[in-house]
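**Q** Here is what each chain is made of, one letter per residue.
Protein chains: 2
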Amino acid sequence: MKRNAFYAQSGGVTAVINASACGVIETARKHRKEIGKVYAGRNGIIGALLEDIIDTSAESKGAIAALKHTPGGAFGSARYKLKGLDVNLAEYERLIEVFRAHDIGYFFYNGGGDSMDTAHKVSEISRRLKFPITCIGIPKTVDNDLTVTDNCPGFGSVAKYVAVSTAEAGLDVASMARTSTRVFILEVMGRHAGWIAAAAGLADQIGARAPHIILFPEIPFAEEAFLARVKVCVERDEFCVVVVSEGLRLADGRFVAEAGTRDAFGHAQLGGVAATLAALVRSRLGFKYHYAIADYLQRSARHVASKTDVEQAYAVGKAAVELALAGENAVMPTIVRKSNAPYRWTIGKVPLRRVANREKMMPRNFITKDGFAITPSCRRYLEPLIRGEDYPPYRRGLPQYAALANRPVARRLAEGFVLK
Amino acid sequence: MKRNAFYAQSGGVTAVINASACGVIETARKHRKEIGKVYAGRNGIIGALLEDIIDTSAESKGAIAALKHTPGGAFGSARYKLKGLDVNLAEYERLIEVFRAHDIGYFFYNGGGDSMDTAHKVSEISRRLKFPITCIGIPKTVDNDLTVTDNCPGFGSVAKYVAVSTAEAGLDVASMARTSTRVFILEVMGRHAGWIAAAAGLADQIGARAPHIILFPEIPFAEEAFLARVKVCVERDEFCVVVVSEGLRLADGRFVAEAGTRDAFGHAQLGGVAATLAALVRSRLGFKYHYAIADYLQRSARHVASKTDVEQAYAVGKAAVELALAGENAVMPTIVRKSNAPYRWTIGKVPLRRVANREKMMPRNFITKDGFAITPSCRRYLEPLIRGEDYPPYRRGLPQYAALANRPVARRLAEGFVLK
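Those protein sequence lines, which keep their order, are chains Y and W. Residue numbers in the first sequence follow our numbering, run continuously in steps of one, and reach 477 at the last position. Residue numbers in the second sequence follow our numbering, run continuously in steps of one, and reach 477 at the last position.
By construction, these hints were calculated from the structure, which means they are not laboratory data. C-beta atoms are modelled at their ideal positions from N, C-alpha and C, and glycine is treated no differently. Wrong hints could be hidden among the right ones.
[Stated by the list, open to error] Residues on chain Y that point at chain W, a partial pick, calculated with CB under 8 angstroms:
hint: 1; residue: S357
hint: 2; residue: K426
hint: 3; residue: E446
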């Protein structure tokens with residue numbers, strides 16, 4: 058009994074989330090006997106609630122294949138968390154109405170820890186509201202903070218971007234240090250976990266001497282130790298490259314970048330943590346500085362994506378469909394590391410309840426004792442994840458992305474729905 | 058009568074200045090009858106003044122070839138401007154001492170408008186101080202603001218980086234806009250000229266809808282018009298991508314980012330112009346925003362360099378040596394555009410005095426009447442400059458750069474020199 062599938066993207070997007078979409082759609086298309094059409098929610102779960110659904114079967118084979126090298130979320134994402142079944146039953150009843158109206162029997166939800174919570178809640182519909190649906194989560198997060206899975210699709214590419222950018226900027230600052238910039242600060246993402254900042258540590262393998270200092274959200278910021286280290290680096294190498302997680306905190310738990318209208322050091326506050334640290338370096342050490350804030354550039358940088366990451370993103374999309382067809386429910390495919398050298402991995406699975414709403418921090422033994430660098434174990438963990446290049450096709454100097462029609466499916470419900 | 062050559066890098070470095078170094082060294086090595094060794098100044102002209110000189114003849118053919126894909130300045134650069142011959146004769150006398158001690162008959166100086174001034178002043182040594190030396194400038198600047206030459210090596214790659222990054226971030230923000238970020242601001246370099254910001258305008262050719270607004274240093278910032286435009290874009294597209302030159306100014310000439318401790322709008326000031334605009338958008342329109350500051354990442358981004366740019370950077374280095382051997386003096390090779398479609402260019406030359414200390418702003422007809430976008434003529438000018446990809450070799454996920462020994466030449470002068 059063939060039923061349709063619903064796929065949606067959730068939370069912050071990545072350079073490779075569309076590769077997972079590609080994995081889902083291409084694999085479903087190979088199982089036309091079991092799966093009808095693949096519908097996509099416009100703006101994630103909101104598309105389901107509002108019955109704003111895209112028919113991916115209208116897209117050509119080539120357009121779907123091009124998703125593999127297209128950053129962003131091709132169907133739109135959403136930051137929208139379903140409340141519990143007991144709190145907002147209306148949302149679940151609405152989902153069932155929409156799923157029933159469009160004969161949806163498979164729910165594929167592509168996101169991070171919060172999204173796995175949503176997927177888990179939707180999976181409860183089957184049991185508690187007696188609407189049969191197969192729910193599979195698909196891991197995605199640049200933050201690399203999902204539990205159980207060895208790593209998260211999306212992370213490898215941002216890690217590669219950060220490592221490459223740190224190496225390049227390191228060479229730049231090294232050239233300028235004699236008469237100009239001494240301290241360069243790169244602010245990267247990672248509100249709670251320092252995985253992205255850690256990836257910058259790979260840059261020193263290629264002779265750039267950078268980064269000299271990494272500041273992790275897991276390690277409370279120690280102003281004096283930091284300044285002393287900057288000074289030592291500038292004295293030794295003429296320059297100092299600092300990579301800092303946006304989520305850097307003081308010992309009392311406040312974010313360095315958000316501790317009041319004035320920052321934690323009493324300076325007026327507008328920018329993020331990079332601006333705060335730069336002002337500190339300037340006022341206390343007098344060094345000329347520059348800083349960069351990578352922000353969305355880092356997570357959308359498909360032009361320098363990790364091939365490993367693209368392959369894994371595709372693989373978890375494909376595995377999600379295969380797990381559904383194998384009768385699994387309320388699970389998420391995981392990436393299982395089999396060995397470091399040579400790097401080998403395979404796909405596993407985990408119940409959604411075990412990954413929902415959890416976060417995986419950097420283990421303390423991945424950070425050096427002084428708190429400013431990564432250890433050899435961390436390096437061994439990170440290094441395979443940035444391996445390989447997978448360039449998008451270019452035309453006249455610019456990448457060519459998937460151009461989807463995103464054709465809406467005709468609405469079948471008389472009633473709309475108001476998001477709370 | 059064979060004499061040695063001195064090559065130095067000056068000012069802010071680029072992703073391809075080492076390609077020019079490669080062009081100089083490889084070409085000089087082909088003319089061993091006329092040119093002895095190629096020496097490089099450690100940290101630009103300072104290396105000459107301090108007799109801190111690198112012997113590039115100690116480098117293997119492979120190491121020199123690898124300069125072509127290595128960002129930063131391989132021998133160190135400097136922000137150091139020679140004063141006039143009449144003001145600081147001691148500097149020129151010192152240069153002559155060093156040049157004489159090392160039998161230097163060719164001076165190749167790789168930089169922007171200020172550096173062409175230095176090269177021009179050094180060229181006066183021949184005539185006014187009777188020390189025979191051939192001085193050739195080699196154009197380099199990400200700002201693209203040298204006069205006479207159609208474009209400047211270094212610009213094409215930063216232009217490609219900015220166009221690609223804008224397209225990628227545009228796709229990201231488009232996915233998030235429904236429930237999260239509405240306005241994304243990317244701050245790029247360009248203190249006086251808007252060429253780099255203009256390059257972002259190419260991104261809209263690939264369906265990203267971004268950028269919606271470009272803010273040029275040539276166009277005084279009009280707060281109300283800007284806010285009105287942001288509002289229109291968000292209403293129409295759900296989101297708005299703004300690309301802003303760091304050098305954006307108010308009508309009274311003050312930089313938007315530096316107009317007092319409080320910014321021009323009365324907000325506390327720490328960050329650059331992106332932070333200022335973001336705070337303005339938030340306070341006046343209430344939209345959630347993100348901003349990125351590309352800073353050094355943009356000018357060192359060799360991983361996404363323009364092939365055209367790499368070729369031109371190499372070509373001006375090669376041409377500098379050939380001009381010197383042809384008996385030219387006090388000139389700079391230029392890039393001459395022969396046609397747009399197909400794009401054809403050749404190498405010309407210009408006397409240094411015609412490019413020293415001058416800046417080429419964006420022509421007004423390259424910016425739309427409303428001041429927020431680029432015109433078709435601008436597009437025709439920019440588009441060929443970002444064409445082609447020229448990836449560095451990678452190993453284990455990271456680019457492999459030139460590893461130079463940078464062997465110092467033994468000092469021959471008893472006296473040191475104190476920089477003023």
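**Q** Tell me the hint numbers this structure goes against, listed in increasing order.
**A** 2
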